[in-house]
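Peer 1: Take a look at the letters that make up each chain.
There are 2 protein chains.
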Amino acid sequence: MNKQLLLKKRPVGLPEEDTWALVSNEIPEPKEGEVLVQTHYISLDPAMRGWINEGKSYIEPVALDDVMRAGTIGTIIKSNNHPKFKDGDVITGWGGVQQYFTTTGDGHFKVDTSMVPMTKYIGALGMPGMTAYFGILEVGKIKEGDVVLISGAAGAVGSVAGQIAKIKGCKVVGIAGGPDKCAYVVNELGFDACIDYKNENIYSGLKEHCPKGLDVYFDNVGGEILDAALSRLRMHARIIICGAISQYNSTSIQGPKNYLSLLVNRATMQGMVVFDYVDRYKEAGMQMGMWMMQGKLKAEEDVYEGIENFYDTFTKLFSGDKRGKLVLKIIED
Amino acid sequence: MNKQLLLKKRPVGLPEEDTWALVSNEIPEPKEGEVLVQTHYISLDPAMRGWINEGKSYIEPVALDDVMRAGTIGTIIKSNNHPKFKDGDVITGWGGVQQYFTTTGDGHFKVDTSMVPMTKYIGALGMPGMTAYFGILEVGKIKEGDVVLISGAAGAVGSVAGQIAKIKGCKVVGIAGGPDKCAYVVNELGFDACIDYKNENIYSGLKEHCPKGLDVYFDNVGGEILDAALSRLRMHARIIICGAISQYNSTSIQGPKNYLSLLVNRATMQGMVVFDYVDRYKEAGMQMGMWMMQGKLKAEEDVYEGIENFYDTFTKLFSGDKRGKLVLKIIED
Numbered sequence: 001m002n003k004q005l006l007l008k009k010r011p012v013g014l015p016e017e018d019t020w021a022l023v024s025n026e027i028p029e030p031k032e033g034e035v036l037v038q039t040h041y042i043s044l045d046p047a048m049r050g051w052i053n054e055g056k057s058y059i060e061p062v063a064l065d066d067v068m069r070a071g072t073i074g075t076i077i078k079s080n081n082h083p084k085f086k087d088g089d090v091i092t093g094w095g096g097v098q099q100y101f102t103t104t105g106d107g108h109f110k111v112d113t114s115m116v117p118m119t120k121y122i123g124a125l126g127m128p129g130m131t132a133y134f135g136i137l138e139v140g141k142i143k144e145g146d147v148v149l150i151s152g153a154a155g156a157v158g159s160v161a162g163q164i165a166k167i168k169g170c171k172v173v174g175i176a177g178g179p180d181k182c183a184y185v186v187n188e189l190g191f192d193a194c195i196d197y198k199n200e201n202i203y204s205g206l207k208e209h210c211p212k213g214l215d216v217y218f219d220n221v222g223g224e225i226l227d228a229a230l231s232r233l234r235m236h237a238r239i240i241i242c243g244a245i246s247q248y249n250s251t252s253i254q255g256p257k258n259y260l261s262l263l264v265n266r267a268t269m270q271g272m273v274v275f276d277y278v279d280r281y282k283e284a285g286m287q288m289g290m291w292m293m294q295g296k297l298k299a300e301e302d303v304y305e306g307i308e309n310f311y312d313t314f315t316k317l318f319s320g321d322k323r324g325k326l327v328l329k330i331i332e333d
Numbered sequence: 001m002n003k004q005l006l007l008k009k010r011p012v013g014l015p016e017e018d019t020w021a022l023v024s025n026e027i028p029e030p031k032e033g034e035v036l037v038q039t040h041y042i043s044l045d046p047a048m049r050g051w052i053n054e055g056k057s058y059i060e061p062v063a064l065d066d067v068m069r070a071g072t073i074g075t076i077i078k079s080n081n082h083p084k085f086k087d088g089d090v091i092t093g094w095g096g097v098q099q100y101f102t103t104t105g106d107g108h109f110k111v112d113t114s115m116v117p118m119t120k121y122i123g124a125l126g127m128p129g130m131t132a133y134f135g136i137l138e139v140g141k142i143k144e145g146d147v148v149l150i151s152g153a154a155g156a157v158g159s160v161a162g163q164i165a166k167i168k169g170c171k172v173v174g175i176a177g178g179p180d181k182c183a184y185v186v187n188e189l190g191f192d193a194c195i196d197y198k199n200e201n202i203y204s205g206l207k208e209h210c211p212k213g214l215d216v217y218f219d220n221v222g223g224e225i226l227d228a229a230l231s232r233l234r235m236h237a238r239i240i241i242c243g244a245i246s247q248y249n250s251t252s253i254q255g256p257k258n259y260l261s262l263l264v265n266r267a268t269m270q271g272m273v274v275f276d277y278v279d280r281y282k283e284a285g286m287q288m289g290m291w292m293m294q295g296k297l298k299a300e301e302d303v304y305e306g307i308e309n310f311y312d313t314f315t316k317l318f319s320g321d322k323r324g325k326l327v328l329k330i331i332e333d
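Residue numbers (our numbering), protein chains in the order written: chain F, 1 to 333; chain U, 1 to 333.
Honestly, the hints are just simulated from the structure, not real lab data. Please note that a few of the clues may not be correct.
All copies of an identical chain are treated as equivalent in the list; a pair is satisfied when it fits inside any one copy or across any two copies.
DSS-like, lysine-lysine: derived pairs with alpha carbons at most 30 angstroms apart [stated by the list, open to error]:
| # | residue 1 | residue 2 |
| --- | --- | --- |
| 1 | 84 | 329 |
| 2 | 257 | 9 |
| 3 | 143 | 56 |
| 4 | 212 | 56 |
Nothing here was measured: the structure is a model prediction, and the numbers come from that model.
Let the hints inform the model, and build the full structure from the sequences given.
Peer 2: Structure follows, in structure tokens:
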């Protein structure tokens, strides 16, 4: 049988467990030209919260009673004359929260797992890594010597964005929740400093670690931290609006009240969605793979097991009780 | 004697009359290399509200007991061996709210008033016009066919920005307060439509006049109108943060709660200050002068008289009880 997680409700605020329901259905048969995939790992991302709201955002919402959307990596266990994929191929794409699925292969990519563990393909070499790469380089336009601030610094996107900025010769300050995460960000990831927003005053931390202000702020969180960053901009600073996890479960969004700092500092705040860079994923993947092999780019996954534990794992995205890329393991690779 | 308006207080909220005091002092003598200027017109601008706050913004605040900062145009009545300026020259610059002043000429420019009335040099050909020109062209990057929204559309900056967008082949929608201003914006300035924010629902107005959304929003006001514009962005839209008159007298700034529309639409919000373009004022002035002569660019001034009436005139900036560039006449030109 195939366990599948269906969306049952449009939640208000932090989703409760009955937002989804786990059902068992027959394992589907691939039609002519399709493949059947068995999923190994499911990617859990803050963006999922947005996908279950009513109304189109940058992507159509998940429909009620549909399988919950998620990035996945899995093995093809049956190809029905697929033109490109064959049995045993490992592919990554939008498999959703289920154990098996069939696909024409549209939007799925074959990957090589001989050198790189599967989980990296939904982490640093997947959507979060691509977001970090194109966000910090293309939108942030970082250059050597820039002072760069990264929120969600211990997370899947922030950890990669900050390390890329270090590779490019920037001074990089992170913001993360709790002393353990901050120690990880500085000692393991090599950031120059990290502000613990749960135990430190962000404004004082910024004053201490960025005394001359910020050239680039990579925003994954919104809210108070965005306002604090705005208060410390240098001339011509760039803010990358990548996410706003502090606001995703709010019923009313907190707008950045310090936004007029953009005027004073001739600064720019620009939004990004990684899908715009799909034609360049390969280039970015090769570059980041190289950095990983050279030991310049580290990526960690926080792996939980079992589709039954989707909800408990999902809530860790918002409680902050995880480090690096949050992943749900379905079966051993 | 020389009547001068001194800053006496740092106001909270809308300034009261005792924020300033009018005093009389001897008319100063120009030192060697200086000129004595008699002011004809003083420019009244929303930015003045910011200049009297504590703390540096994009410019140092006016010090207490100093003459209130203002743009001016006046005639040189005495040159003490000035290397460039002679008696009778008309110069525009930062003369402040006073009848006479001396200067080395730094930051002042000689202008030709044979073809163009003096008031234009502190209006469409002065700081407001330059702000409009560089804001809409350089920051807004307008191109033919763009849908452009302009708030403060009947004001000194918005009226010019919108007309330039029309000249460049855009569809231009204004926002202004009251039916008279809206009629002026459409019938006199040639905008395609104008939404009366005092009597119409802005969201419905935007839906009606910009059914496919906005490519560019030139923001002079902030607050609710900025949020409404954010809710209607098209992909890759640009927002020019030029001012926020709705917030200047607020003790707490209202941040744009719809700012995540920047993410969804890969849009940009960028601040600007006209002083950055000082090297290009001449180029812009020539282009705008040409458009004026061709009848393509109209500019109106709302002129009040007498330095004693500074306060009543100043409050019109915020009550909206004026049209075009607000000017205080000191003596006949």
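Peer 1: Could you work out which earlier hints the structure fails to respect and list their numbers in ascending sequence?
Peer 2: none
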